[in-house]
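Protein chains in written order, with our numbering: chain A, 1 to 401; chain B, 1 to 460.
Take these hints with a grain of salt, some might be off.
Using 30 angstroms as the maximum straight-line C-alpha spacing, the simulated BS3-like pairs for lysine-lysine come out as follows [unchecked claim]:
hint, chain 1, residue 1, chain 2, residue 2
1, B, K121, A, K336
2, B, K282, A, K7
3, B, K318, B, K196
4, B, K371, A, K94
5, A, K39, B, K4
6, A, K106, B, K371
7, A, K142, B, K291
8, A, K302, A, K282
9, A, K200, B, K371
10, B, K92, B, K406
11, B, K4, A, K8
12, A, K59, A, K90
13, B, K122, A, K142
14, A, K90, B, K196
15, A, K121, A, K399
16, B, K7, A, K200
17, B, K291, A, K61
18, B, K124, A, K142
19, A, K106, B, K318
20, A, K7, A, K389
21, A, K7, B, K7
22, B, K124, A, K7
23, B, K124, B, K4
24, A, K7, A, K85
25, A, K73, A, K90
26, B, K196, A, K8
27, A, K121, B, K7
28, A, K121, A, K59
29, B, K122, A, K8
30, A, K7, B, K444
31, A, K7, A, K39
32, A, K317, A, K343
33, A, K39, A, K343
34, A, K121, A, K94
35, B, K93, A, K142
36, B, K121, A, K8
37, A, K73, B, K196
38, B, K196, A, K370
Keep in mind that the hints were calculated from the coordinates and are not lab data.
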Amino acid sequence: MSEQAFKKVVILDCTEGIAGGYCTKLLADFGATVIKIEKPGTGDTTRRMGPFLNDEPDKEKSGTFFYLNTNKKSITLNLETETGKNIFLKLLEKADVVVENFTPGKMAALGLSYESLAKNKPQIILTSISNFGQTGPYRDYKATNLVTFGLSGAMYTSRPATHTSSRPVVEGGQQAEFTTGLLSFSATVAAFINTIDTGKGTWIDMSAQECLASTLGANISEYPYLGLSRKTNPFAIHGYPIGYSVPCKDGWISLTPGLGGAPNIPLLIEQPELLDDPLFTKPAMRMAEPEKFDALLTPWLKEHTKWEITKQAQELKLAFTPVLTPGELEEEEQLKAKGFFMKTQHPVMGEVTYPGDPMKLSETPARVGKAPLLGEDNVTIYNGLGYSKADLVTLTEQKII
Amino acid sequence: MAYKLLKGIRVLDLTMVFAGPVSSRVLASLGAEVIKIESAIRPDVFTRGNVYPENDPGTDPWNRGSLFHSLNAGKLGITLNLGSDKGRDIFKKLVKISDVVMENYSPRVMENWGLGYDELKKIKPDIIMASMSGLGHTGPLHDFYMYVPGMEGMSGLTHMTGYPDEPPMLSGFSYGDWTSGGTSSAAILIALFHKKSTGQGQCIDLAGREALIANVGNIIMDYTMNHRVQERMGNDQPYLAPHGCYRCKGDDNWVNIAVENDPQWTDFCGVIGNPDWCRQEKFGNSLNRWKNRSELDKLVEGWTIDQDKFNVSENLQKAGVPAGAVLNMKEVNLNSHLIERGFFDIIDHGEGVGKRPIPAQIPAKYNNIEKFVPARAPRFGQDNHYVFGELLGISNEDIAALEAEKIIGGAPSFPPGRPTRLNLIQAQDAGQIDTNYTGELREKYQKDIGINGNVKKEVK
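Can you build the whole structure from these sequences, using the hints too?
Below you can see the structure in the form of structure tokens.
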């Protein structure tokens, strides 16, 4: 019988968007009661972000919202009103953690600064997520995933090894957001572990620029030792550009000959006579004549599928792997065997399949669950605070909930 | 900066290279006592032996690599040969006094040594064991040979990275390894929380590829819901324009601009001096700009090309438009905002290296929590006496005997230190090289960066 790690933890989630949503999703998936506080009427911005089920824009049909809000509860509450603020403070009495990603200073303007929260509840942990942090010259700068990529240094390195002065390209998807969400989650859990021992609350200041910059610490540290700023992946200089994509019959394959070379490639491409060719025994030769190397490989690759190539290459101890599309994952045998994808029912979307959590814990695994409808838990939660049905009608009329 | 949040938690770290060390460094930065275990026959060669100060491997290259310093700051380091019975016995004694064991050997290595989770659990019932690999320890493909490209490529991320008419791209900064490590530390923290609240340990099977899938989960939803396979789109973001990376004045200088809505477009036009083309109908609203974005991108770049990237960024930000220069590693290290916020710790790596800034691995800033500057990454076997002597109570004579038997201690088996091939990097245009980096850093940080008092040493 598995347990839920955070089953006794209550989180007030005042975030919108991806980074904050991912942070509290992880808390919710591992058992926390996450009360998502949304704006009356519109709700979280990701409710308006695609993909939508059947391409029908609808606040209850966003795949992005669903994925980022599994296992959460949703209430609507207007924090910009005095009554709304007082309701929030009532919720705070039972909460352990508040997570927010307003622009820096906004919580204080609402009368909900860390100091005022701590006055009401000294043990509270407040996790504040922002683009550039709560202090410093960029504090009030605006950013998107792309802008953060540039200002963290990550973008400068993102160019093909063979075209190192080409226009830098941002990593696919919203990696600055997810990375920030992941680190904000870890930072919050660490604070909570400390609270168990010491009873001390804290205010955590997370900056997306710094979170993304952390992911390339090794690249950043080359400058103070050597004055170096790499313009492409660091493996390139060891021999043939590692991990580059080459076309095959049904898509792309990722070629990683390895630092010591790839002596078995001629066996893979059914040309054993090339086994002693320096192109395959000396990485430097591959680097000097990449076109010649590619010309030998591509005809054979183009006649075989990514999985045929991968399986045969792996038998020969070659680290060749398929470049899988987002559509090839659900049916992929390894993920299937591991039960990675999860399925659940949603009142509007019907049966939904979504990618599971990557933290595979034997005793406290992630739970399966849907994302909440906007304000789905208003009645239960506000009744719990002592508001009657009539009170809720009044609050709704006043546009507070 | 590091914080004492995980006080009293001890981690035995058998991981090497990148992903594992990222994970244990996060725990060290949060105040856990992380003991990195290497051995004379199995040092962490790849990171210890790469990118030396002033490109000089010196006589002890294993203590000088910048990758190692960056990935292992704040940890203790011991040498213990797990290939021997005695070595494994000592390891088991360490397990008895630890909370977490983490490893990234190929699947089955730990079991073959009799150090699998079931065995460790007998020694320490509440132990947390985290195993890290590319595809996980179970399933038909668990023994695939793969590195970062395999993890990124098999997650959907590579497919989504790059321009639509160009090949799918590997990240430039081993992002897959970092994500695997970052996710592993998150999993360990969940387990530590559970252990603190219930006294129960558990094991964690962390697949780096799955960590990356989680980060493109929203994109995968388009397939699970609609059977649509999204494609890579360079720097485009649907319905936002201008949104991209634009060339600026000088060599390899770029700025990102992300106009999110019509009011920001008006502000953007104001900053660039309201040229006539700004008023054209085809750029009049978000949808029109999105439809005509390639033409618009050329016009925007026509303006940025003569501008300094920092000026563009600052002027647009002043007007409330999201923008930022594409910083290279020099500019990150010298970034006033990051420095003022304490993103870097100036760590003294001792003789032959000196003080160098090291970036945070989990950049959280806590109030009310005791903080400290992480210790330098461990020199090879530097904490043997503390760990074997003080923690395990092994006498000096017995330690000497273990050294003689090569169970602990010894010089690492290490290839000759090889300088980074800067000539190759230059020939392949794979990086920018600034020869006055020590001077730049000293001026910016106002600290004695580099080898003590040695003003400037020529890079070989």
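Is it true that the CA of A/K106 sits at most 30 angstroms from the CA of B/K371? With a Cα-Cα distance of about 27 angstroms, the restraint between A/K106 and B/K371 holds, given a limit of 30 angstroms.
Given pair status - A/K90, A/K59, alpha carbons within 30 angstroms: holds, 28 angstroms
Can the restraint linking A/K317 and A/K343 be considered satisfied, given a maximum Cα separation of 30 angstroms? violated, 36 angstroms
Is the hinted pair A/K302 and A/K282 satisfied, with a Cα-Cα distance of at most 30 angstroms? Cα-Cα ~24 angstroms, so holds.
Given the hint that A/K7 pairs with A/K85, test it: the Cα-Cα distance must not exceed 30 angstroms. holds, 26 angstroms
Pair hint outcome, A/K142 versus B/K291 [Cα-Cα no greater than 30 angstroms]: holds, 25 angstroms
Hey, A/K73 versus A/K90, does the alpha-carbon distance stay inside 30 angstroms? Satisfied, since the Cα-Cα distance of roughly 17 angstroms is no more than 30 angstroms.
Check whether the Cα positions of B/K4 and A/K8 lie no farther apart than 30 angstroms. holds, 24 angstroms
Given pair status - A/K7, B/K282, alpha carbons within 30 angstroms: violated, 54 angstroms
Is the straight-line distance between the alpha-carbon of B/K121 and that of A/K8 30 angstroms or less? Given that 30 angstroms is the threshold and the Cα spacing comes to 26 angstroms, the pair holds.
Take a quick look at whether A/K7 and A/K389 sit within 30 angstroms of each other, Cα to Cα. holds, 28 angstroms
Between B/K371 and A/K94, is the straight-line Cα distance small enough, at 30 angstroms or below? At roughly 29 angstroms apart (the allowed maximum being 30 angstroms), A/K94 and B/K371 satisfy the hint.
Checked against the numbered hints given earlier, the structure breaks hints 2, 3, 5, 13, 18, 28, 30, 32, 35 and satisfies all the rest.
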